[in-house]
Amino acid sequence: KAGVTQTPRYLIKTRGQQVTLSCSPISGHRSVSWYQQTPGQGLQFLFEYFSETQRNKGNFPGRFSGRQFSNSRSEMNVSTLELGDSALYLCASSFMGGAQEAFFGQGTRLTVV
Amino acid sequence: ILNVEQSPQSLHVQEGDSTNFTCSFPSSNFYALHWYRWETAKSPEALFVMTLNGDEKKKGRISATLNTKEGYSYLYIKGSQPEDSATYLCAHRGRGSTLGRLYFGRGTQLTVWP
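So the sequences go chain by chain: A and B. For what it's worth, the working numbering labels the leading residue of the first sequence as 1, then goes sequentially. For what it's worth, the working numbering labels the leading residue of the second sequence as 1001, then goes sequentially.
Calculated from the structure, these hints are not laboratory results. Beta carbons: idealized from backbone N, C-alpha and C, even for Gly. Take the hints with a grain of salt, since some may be wrong.
Computed beta-carbon distance windows for the label pairs [as the list claims (entries may be wrong)]:
1. His1012/B / Ser79/A: 35 to 45 Å
2. Ser1007/B / Lys57/A: 23 to 33 Å
3. Ser1028/B / Glu101/A: 33 to 43 Å
4. Glu1045/B / Phe60/A: 17 to 27 Å
5. Gln17/A / Gly1016/B: 43 to 53 Å
6. Ser1010/B / Thr20/A: 32 to 42 Å
7. Gly1096/B / Ser27/A: 26 to 36 Å
8. Pro1082/B / Thr5/A: 20 to 30 Å
9. Gln17/A / Asp1017/B: 43 to 53 Å
10. Lys1057/B / Arg30/A: 36 to 46 Å
11. Asn71/A / Lys1057/B: 28 to 38 Å
12. Ser79/A / Asp1017/B: 43 to 53 Å
Given these sequences and hints, build the entire structure.
Dropping the structure here:
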């Protein structure tokens, strides 16, 4: 059974650009969540999607957005990149969310220069 | 914001030693507590999901306990091996509108020396 797949694994962007990250969940999973990890910080919740609807949103500026497609694949977009957006972005999938186990991808390492 | 604290921040032990870490979380509005093991350059690996006060879970040499009334969980590793070296994360999930989000601690980084 394939795990959670995130693409690309590494990305270098320039300040002011925008970026799109992709997450393919485990087959059959309908909940996809996104997290950001910056140096010295724990994983910070960005948003959760379930059946193409955003169900939860963390405390991030509007430059961070996402969406989920009918096949449960999710994309995360960051517009007008800032140096502080340099981070590891992880997505996690679970069947329904809630108390169920969430399975993580390996993440996308974004560097903004 | 729900503060999840983990201690110690890092731990160095010899192979064969047993060790334990602590995760503390707000006891109100509790729904679930997750433990993850995260090796460098890999995905965080789910270890346990615990929901009931007094829960004890075990997977091989690793076990965990949960006290929801006082807001803490312990993770134990018996007879540590070098392959146990990783960062161990706990995450709290609350009820209601925040059900879909996990609040993570900063982790305990374990190094096991041969």
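Hints, verified against the model:
1. For His1012/B and Ser79/A, the hinted distance range of 35 to 45 Å is satisfied, since their beta carbons lie about 43 Å from each other.
2. Against the hinted window of 23 to 33 Å, the Cβ-Cβ separation of Ser1007/B and Lys57/A comes to about 30 Å, which satisfies the hint.
3. Take Ser1028/B and Glu101/A: their Cβ atoms lie about 24 Å apart, and the range 33 to 43 Å is violated.
4. In this structure, Glu1045/B and Phe60/A meet the distance hint of 17 to 27 Å, their C-beta atoms being roughly 26 Å apart.
5. Against the hinted window of 43 to 53 Å, the Cβ-Cβ separation of Gln17/A and Gly1016/B comes to about 51 Å, which satisfies the hint.
6. Look at Ser1010/B against Thr20/A: about 35 Å separates their beta carbons, and that is inside 32 to 42 Å.
7. Restraint check, Gly1096/B to Ser27/A: a C-beta distance of roughly 30 Å satisfies the suggested window 26 to 36 Å.
8. Look at Pro1082/B against Thr5/A: about 29 Å separates their beta carbons, and that is inside 20 to 30 Å.
9. Take Gln17/A and Asp1017/B: their Cβ atoms lie about 48 Å apart, and the range 43 to 53 Å holds.
10. Checking the proposed 36 to 46 Å range against Lys1057/B and Arg30/A shows it is violated: the Cβ atoms sit about 25 Å from each other.
11. Range check, Asn71/A to Lys1057/B: Cβ separation about 33 Å, and the 28 to 38 Å hint holds.
12. Between Ser79/A and Asp1017/B the beta carbons are some 49 Å apart, a value that agrees with the proposed interval 43 to 53 Å.
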